[in-house]
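Enquirer: Between the sequences and the hints, there should be enough to build the whole structure, so can you do that?
Which chain is which? The protein sequence lines are F and V, in order.
When the letters of the first sequence are read in order and numbered with numbering that gives the first Met the number 0, they come out as residues 0 to 353.
When the letters of the second sequence are read in order and numbered with numbering that gives the first Met the number 0, they come out as residues 0 to 353.
Hints are supplied without guarantee of correctness; some may be wrong.
When chains are identical, the list treats them as one kind, so a pair holds in a single copy or across two.
Taking lysine-lysine pairs in the BS3-like style, the calculated list, with each CA pair at most 27 Å apart, reads [unchecked claim]:
1. K18 with K94
2. K64 with K1
3. K149 with K200
4. K152 with K210
5. K77 with K122
6. K182 with K152
7. K152 with K200
8. K174 with K152
9. K97 with K152
10. K181 with K109
11. K146 with K97
12. K315 with K335
13. K149 with K207
14. K121 with K324
15. K121 with K109
Keep in mind the hints are simulated off the structure, nothing from the lab.
The lines below spell out each chain.
There are 2 protein chains.
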Amino acid sequence: MKLNIAVLPGDGIGPEVTKQAKKVLEAVAHQFNHTFIFKEALVGAVAIDKTGEPFPQETMDLCLKTDAVLFGAIGDPKYDNDPSAKVRPEQGLLKMRKDLGLFTNIRPVKAFEQLLDKSPLKKEIIKGADLTIYRELTGGIYFGEKKISKDGKTASDLGEYSAYEIERIAHAAFKAAQVRRKKLTLVDKANVLESSRLWRKVVTEIAKEYKDVELHYLFVDNAAMQMILNPTQFDVILTDNLFGDIISDEASVIGGSIGLLASASIGEKHAVFEPIHGSYPQATGKGIANPIASILSAAMLLEHFGLNEEAAVIHKAVDKSLELKISTPDILPDSKITTSKVGDFIADYIHYPE
Amino acid sequence: MKLNIAVLPGDGIGPEVTKQAKKVLEAVAHQFNHTFIFKEALVGAVAIDKTGEPFPQETMDLCLKTDAVLFGAIGDPKYDNDPSAKVRPEQGLLKMRKDLGLFTNIRPVKAFEQLLDKSPLKKEIIKGADLTIYRELTGGIYFGEKKISKDGKTASDLGEYSAYEIERIAHAAFKAAQVRRKKLTLVDKANVLESSRLWRKVVTEIAKEYKDVELHYLFVDNAAMQMILNPTQFDVILTDNLFGDIISDEASVIGGSIGLLASASIGEKHAVFEPIHGSYPQATGKGIANPIASILSAAMLLEHFGLNEEAAVIHKAVDKSLELKISTPDILPDSKITTSKVGDFIADYIHYPE
Ligand SMILES: [Mg+2]
Ligand SMILES: [Mg+2]
Numbered sequence: 000m001k002l003n004i005a006v007l008p009g010d011g012i013g014p015e016v017t018k019q020a021k022k023v024l025e026a027v028a029h030q031f032n033h034t035f036i037f038k039e040a041l042v043g044a045v046a047i048d049k050t051g052e053p054f055p056q057e058t059m060d061l062c063l064k065t066d067a068v069l070f071g072a073i074g075d076p077k078y079d080n081d082p083s084a085k086v087r088p089e090q091g092l093l094k095m096r097k098d099l100g101l102f103t104n105i106r107p108v109k110a111f112e113q114l115l116d117k118s119p120l121k122k123e124i125i126k127g128a129d130l131t132i133y134r135e136l137t138g139g140i141y142f143g144e145k146k147i148s149k150d151g152k153t154a155s156d157l158g159e160y161s162a163y164e165i166e167r168i169a170h171a172a173f174k175a176a177q178v179r180r181k182k183l184t185l186v187d188k189a190n191v192l193e194s195s196r197l198w199r200k201v202v203t204e205i206a207k208e209y210k211d212v213e214l215h216y217l218f219v220d221n222a223a224m225q226m227i228l229n230p231t232q233f234d235v236i237l238t239d240n241l242f243g244d245i246i247s248d249e250a251s252v253i254g255g256s257i258g259l260l261a262s263a264s265i266g267e268k269h270a271v272f273e274p275i276h277g278s279y280p281q282a283t284g285k286g287i288a289n290p291i292a293s294i295l296s297a298a299m300l301l302e303h304f305g306l307n308e309e310a311a312v313i314h315k316a317v318d319k320s321l322e323l324k325i326s327t328p329d330i331l332p333d334s335k336i337t338t339s340k341v342g343d344f345i346a347d348y349i350h351y352p353e
Numbered sequence: 000m001k002l003n004i005a006v007l008p009g010d011g012i013g014p015e016v017t018k019q020a021k022k023v024l025e026a027v028a029h030q031f032n033h034t035f036i037f038k039e040a041l042v043g044a045v046a047i048d049k050t051g052e053p054f055p056q057e058t059m060d061l062c063l064k065t066d067a068v069l070f071g072a073i074g075d076p077k078y079d080n081d082p083s084a085k086v087r088p089e090q091g092l093l094k095m096r097k098d099l100g101l102f103t104n105i106r107p108v109k110a111f112e113q114l115l116d117k118s119p120l121k122k123e124i125i126k127g128a129d130l131t132i133y134r135e136l137t138g139g140i141y142f143g144e145k146k147i148s149k150d151g152k153t154a155s156d157l158g159e160y161s162a163y164e165i166e167r168i169a170h171a172a173f174k175a176a177q178v179r180r181k182k183l184t185l186v187d188k189a190n191v192l193e194s195s196r197l198w199r200k201v202v203t204e205i206a207k208e209y210k211d212v213e214l215h216y217l218f219v220d221n222a223a224m225q226m227i228l229n230p231t232q233f234d235v236i237l238t239d240n241l242f243g244d245i246i247s248d249e250a251s252v253i254g255g256s257i258g259l260l261a262s263a264s265i266g267e268k269h270a271v272f273e274p275i276h277g278s279y280p281q282a283t284g285k286g287i288a289n290p291i292a293s294i295l296s297a298a299m300l301l302e303h304f305g306l307n308e309e310a311a312v313i314h315k316a317v318d319k320s321l322e323l324k325i326s327t328p329d330i331l332p333d334s335k336i337t338t339s340k341v342g343d344f345i346a347d348y349i350h351y352p353e
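Expert: If you want it as structure tokens, here you go:
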């Protein structure tokens, strides 16, 4: 397969980790006879510094004409600490999501066997957890009409959804469940919210097309409890923008290894793959950043194009690196193994499996 | 002090646990020379069975003319499993909150030293956690305008707050922080929501009147993570209705002992005190229900009227019962100690401390 991949390294540790993901994709291309063509572009603070824009037109053009985007991270303290800054790196991310129409955010959470001790939860609670969250990313109350009264004493946000917005992500989530453990949990607040009742109606209807998938309903407050009490009960979680924001961030910490979590944001025509960790400016250039989240984002990219065998090879190599403790200090204190050494090991393992 | 207390035992284990709370309040009255006058009334399924209404006028009248309400629990499977039921026990709770104007919900969460092993979180994470959540209870998106389009294809909910609604609960939360560890964390989503920005503006302004309290801001998605990663960082959390629903339920499971969690719902003139656990029908009449949440709700009632020394005595007696393992089987498997034996021990300890 031939794939054109835009690489947007961004700020902080973004470039270091993305470089390892690219290295791993090159190993996959070599082993499986694919052609991956990488083109780099600017985003975030580094883009503001060079062009004045966090998501320049040139970057947008590249993203529009490539098959997928491999994204690093954005954010720089010099903008965070300057309240007068008119342009902020984060705007680049929001603009990209909007312009590329990325309405589905996918966040897998897995308890890595080798890292069970890292979790704030007890080993026996987290062991075996393997879930993925489908969060609607371009609708709901985050994008609804905002009002503030003239006297500034009343403010409101409108949480609105259309059946169409729900349908398109629901199909994606059911399809994901079909190739996983065939369980889908819709998280909403249908006992109170009208928009949640629409979610429930639409998703219940669509479920008829996926008879092999078991559909469950869970109120969001209960979901926030169940994520802690019994995360292994979940397979695919489907939810709206606001609830997805809260539940996916909650879920991200139960595994105890935020440096290992990948994500995908997918639209009709475009798709972006990125680690969930940020630009982590304090670690920049020290070789201590964990590249695994970025590498697993590359695996999600391959899965998106049906290259499941290739993705599985990356997962196997990552597991092996953890097993052999070829790890950065975030998960192995006092480790002297650098970001690029982890990338080298994983790429080498793909080239020459045992 | 003379207090008129309405007792609404409700359904399931409600009557059993409320009886113990009353027993403990009677012990306090005796020891401290107070006069507590108890009057019982119907609520929930038992009220529907006898009057056709989940919150009959007679119960309402009693609540309106008493100083405080001691509430048990409501809910009965015979209504849950009957989709054609026009009247439901839960409506009694909502009607009561609304009619009594209970706009502040208070949910303390404490990691009991004797029960640290019960938590799904690791001991070292939960040890020392002692926080209380102030959730706005009668505003926001749960009560905002709901719309569904004629074709049923679009649905919306309006999340609205006025400065007045925020001010009244903010003062209560700051006052609570003053007599605790003097830290208040406002949980919102001010980077996205207009109503959250109003919360932030109003609370920041009110903070000037409470200079001894440190004010922190936390986005709700980050709060959902921090509650797991480091719950001991929190003292008082202040938040809106929706975020409070999610965060307080999440927080309720970190202590590992839902049978011990009390709550208060407070308005300008009225106040209701109740365990957070439900009616737990399967346990009804077996003597296995844990009465501590109800007993600690009685302690919150006393604190509400400034009877802090009296409340402290209840807390001490509860701690002693846990220490001596005078506990029901939910926290001490194989225990043969009944609901009323736990109540007896706590009441006796108040009468005759060591
Ligand atoms: Mg988030
Ligand atoms: Mg709740």
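Enquirer: Against this structure, judge whether each hint is valid.
Expert: Hints versus structure:
1. In this assembly of identical chains, K18 and K94 lie within 27 Å of each other by CA distance solely inside one copy; the values are 24 Å within and 59 Å between copies.
2. In this assembly of identical chains, the alpha carbons of K64 and K1 lie at most 27 Å apart only when taken from the same copy (14 Å versus 77 Å across copies).
3. Taking identical chains as interchangeable, the C-alpha atoms of K149 and K200 lie at most 27 Å apart only when they sit on different chains, with a minimum of 15 Å there against 37 Å within one chain.
4. Taking identical chains as interchangeable, the C-alpha atoms of K152 and K210 lie at most 27 Å apart only when they sit on different chains, with a minimum of 24 Å there against 50 Å within one chain.
5. Taking the shortest Cα distances, K77 and K122 never come within 27 Å of each other, neither inside one copy (40 Å) nor across copies (38 Å).
6. Proximity of K182 and K152 under a CA criterion of 27 Å is satisfied inter-copy only: 26 Å between copies versus 45 Å inside one chain copy.
7. Taking CA atoms no more than 27 Å apart as the test, K152 paired with K200 passes between copies only; the shortest distance there is 10 Å, against 36 Å inside one copy.
8. Proximity of K174 and K152 under a CA criterion of 27 Å is satisfied inter-copy only: 23 Å between copies versus 46 Å inside one chain copy.
9. When the C-alpha separation of K97 and K152 is checked against a cutoff of 27 Å, the pair qualifies only between copies, where the shortest distance is 23 Å, while the shortest distance within a copy is 31 Å.
10. Taking CA atoms no more than 27 Å apart as the test, K181 paired with K109 passes inside one copy only; the shortest distance there is 17 Å, against 38 Å between copies.
11. Both within a single protomer and between protomers do K146 and K97 lie at most 27 Å apart by alpha-carbon distance, with minima of 21 Å and 26 Å respectively.
12. Taking the shortest alpha-carbon separations for K315 and K335, only the intra-copy value of 23 Å comes in at or below 27 Å, while the best inter-copy value is 50 Å.
13. Only between protomers do K149 and K207 lie at most 27 Å apart by alpha-carbon distance; the minimum there is 24 Å, versus 48 Å within a single protomer.
14. Taking identical chains as interchangeable, the C-alpha atoms of K121 and K324 lie at most 27 Å apart whether they share a chain (22 Å) or sit on different chains (24 Å).
15. In this homomeric assembly, K121 and K109 come within 27 Å of each other (Cα to Cα) both inside a single copy, at 15 Å, and across copies, at 19 Å.
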